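Peer 1: For reference, the chains in residue letters:
There are 2 protein chains.
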Amino acid sequence: MLERTYDGQVCSIARALEVVGERWTLLILRDTVFRPRRFEDLQRSLGLARNVLTTRLQWLCDEGLLERRLYQEHPPRYEYSQTEKAKDLIPVLAALIAWGDKYYAPNGPPSLIRHRGCGGSIIHRLVCERCGAVLTSEDLESQPGPGARSAAAGETPGAAIVRHG
Amino acid sequence: MLERTYDGQVCSIARALEVVGERWTLLILRDTVFRPRRFEDLQRSLGLARNVLTTRLQWLCDEGLLERRLYQEHPPRYEYSQTEKAKDLIPVLAALIAWGDKYYAPNGPPSLIRHRGCGGSIIHRLVCERCGAVLTSEDLESQPGPGARSAAAGETPGAAIVRHG
Chain P
0 MLERTYDGQV CSIARALEVV GERWTLLILR DTVFRPRRFE DLQRSLGLAR NVLTTRLQWL
60 CDEGLLERRL YQEHPPRYEY SQTEKAKDLI PVLAALIAWG DKYYAPNGPP SLIRHRGCGG
120 SIIHRLVCER CGAVLTSEDL ESQPGPGARS AAAGETPGAA IVRHG
Chain C
0 MLERTYDGQV CSIARALEVV GERWTLLILR DTVFRPRRFE DLQRSLGLAR NVLTTRLQWL
60 CDEGLLERRL YQEHPPRYEY SQTEKAKDLI PVLAALIAWG DKYYAPNGPP SLIRHRGCGG
120 SIIHRLVCER CGAVLTSEDL ESQPGPGARS AAAGETPGAA IVRHG
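Quick mapping for you: the protein sequence lines, in order, are chains P and C.
First residue of the first sequence? That's 0 in numbering that gives the first Met the number 0, and the numbers climb one at a time after it.
First residue of the second sequence? That's 0 in numbering that gives the first Met the number 0, and the numbers climb one at a time after it.
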C-alpha cells in the first residue's frame, strides 16, 4: 500500500518513514496509545472512509504495529491494540507533540501528556549512554555504521551525506 | 504545497505532521542537521528532481525551518541551514533513527549518532519535569489542554478520543 520511495536511502530515518511516514499512521497510533480502540471509534476520530481505514489498519497489523481482536461475533467487530513495536514509537510521538505544542499551538496545547499520578509534564532528554551527559544537537555527530558498510557505495548517497563533515 | 488534510484534528501531532509529515521533509532535515548544505549536494543525496527539491526547500524556508544563503553570485548558488525551529525537531529525528535501527536494520545501523568527543551512543529518555522519574509509556496519561477548550466540541474528535479512559 505504501509507496516505497526511499529504497535508495540506506538510513534508519528513511526506513522508519517507510512505515510511519504514511500520513495517517501516526494519528492511528496516537489514538491507540493508551488502550485498545474499536474500529468505529477510530473511524469517528479520524474521519477516514471505512475502506481507507480498513486498509491502513490491515497494513499496520501486517507490519506488526497493531494487533486485531474480535470483541463481538454477530456481527463481527474488531478492536486494535498496540504491540511493543508500536509502543517503541512513543518517543517519536512525544517529541512530535512537544514540537507541535511549541510552534503550532497558539491557544495552548490541545492535550497535555502527563506523568500518571504525579501529574508532572514530560521532558525529552537525549542522554549519552557512556558519560551520562544530557545532550543537545551541538553535541551530536554521525558516523557510518555497520549497515552502511554492507551496501554498495553507489547506493548510499543518504548515508554518505549525513556523515558529519 | 502540502495538503492540509488534518484541519479537523485539534492535536499537536496532527499539526506537526502538517509540517514534517511531507515525505521528504525529514530527509531534508536529516541532511542539514550537522551543517549547511548546498542545493547540489541535497539534490544528489535525495535523488529528487530539481524543481521538486526547489519547491520543498522554499516551503521549508517559508515555514521557518531552513534559511537560504547565497554562497556564489555568478551563477547564483544557494546553501541551506537549519533554524532553531528545525533544530528543535532533532529529538523526533533521533527517536525515528532509534526505532528504525531496532526494527529495520538487519545489517546493523547504517549510521551511528554519537556524543561528539566522548563517542557514547545516545539514549532517549522521557523524564518527569516534577519528580524527575524516567518514564515509559505505561507511566503516561493524556488530558485535554487549554487548546482543546478553545475549540468547539464538534471539531475536536482527535482531542476527545486521545483522552485516557
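Hints in this document: simulated from the structure, not taken from any laboratory.
Heads up, a few of these hints could be off.
[Stated by the list, open to error] Pairwise CB distance ranges (calculated):
id: 1; chain 1: P; residue 1: Gly-107; chain 2: C; residue 2: His-73; range: 20 to 30 Å
id: 2; chain 1: P; residue 1: Arg-124; chain 2: C; residue 2: Gly-63; range: 47 to 57 Å
id: 3; chain 1: P; residue 1: Val-51; chain 2: C; residue 2: Ser-120; range: 16 to 26 Å
id: 4; chain 1: C; residue 1: Glu-128; chain 2: P; residue 2: Arg-68; range: 47 to 57 Å
id: 5; chain 1: P; residue 1: Cys-117; chain 2: C; residue 2: Arg-76; range: 30 to 40 Å
id: 6; chain 1: C; residue 1: Tyr-70; chain 2: P; residue 2: Ser-80; range: 45 to 55 Å
id: 7; chain 1: P; residue 1: Ser-80; chain 2: C; residue 2: Lys-84; range: 43 to 53 Å
id: 8; chain 1: C; residue 1: Lys-84; chain 2: P; residue 2: Lys-84; range: 28 to 38 Å
id: 9; chain 1: C; residue 1: Arg-124; chain 2: P; residue 2: Glu-137; range: 12 to 22 Å
id: 10; chain 1: P; residue 1: Val-51; chain 2: C; residue 2: Arg-76; range: 40 to 50 Å
id: 11; chain 1: P; residue 1: Pro-75; chain 2: C; residue 2: Ala-132; range: 39 to 49 Å
id: 12; chain 1: C; residue 1: Pro-145; chain 2: P; residue 2: Ile-122; range: 11 to 21 Å
These numbers come from a predicted model, not from an experiment.
Ideal placement from N, C-alpha and C gives every residue a C-beta, glycine not left out.
Peer 1: Would you mind marking each hint as holding or not holding in the structure?
Peer 2: Hints, one by one, checked against the model:
{"no.": "1", "hint": "P:Gly-107 x C:His-73: 20 to 30 Å", "result": "violated, 49 Å"}
{"no.": "2", "hint": "P:Arg-124 x C:Gly-63: 47 to 57 Å", "result": "violated, 25 Å"}
{"no.": "3", "hint": "P:Val-51 x C:Ser-120: 16 to 26 Å", "result": "violated, 39 Å"}
{"no.": "4", "hint": "C:Glu-128 x P:Arg-68: 47 to 57 Å", "result": "violated, 35 Å"}
{"no.": "5", "hint": "P:Cys-117 x C:Arg-76: 30 to 40 Å", "result": "violated, 53 Å"}
{"no.": "6", "hint": "C:Tyr-70 x P:Ser-80: 45 to 55 Å", "result": "holds, 51 Å"}
{"no.": "7", "hint": "P:Ser-80 x C:Lys-84: 43 to 53 Å", "result": "violated, 35 Å"}
{"no.": "8", "hint": "C:Lys-84 x P:Lys-84: 28 to 38 Å", "result": "holds, 30 Å"}
{"no.": "9", "hint": "C:Arg-124 x P:Glu-137: 12 to 22 Å", "result": "holds, 18 Å"}
{"no.": "10", "hint": "P:Val-51 x C:Arg-76: 40 to 50 Å", "result": "holds, 43 Å"}
{"no.": "11", "hint": "P:Pro-75 x C:Ala-132: 39 to 49 Å", "result": "holds, 42 Å"}
{"no.": "12", "hint": "C:Pro-145 x P:Ile-122: 11 to 21 Å", "result": "holds, 19 Å"}
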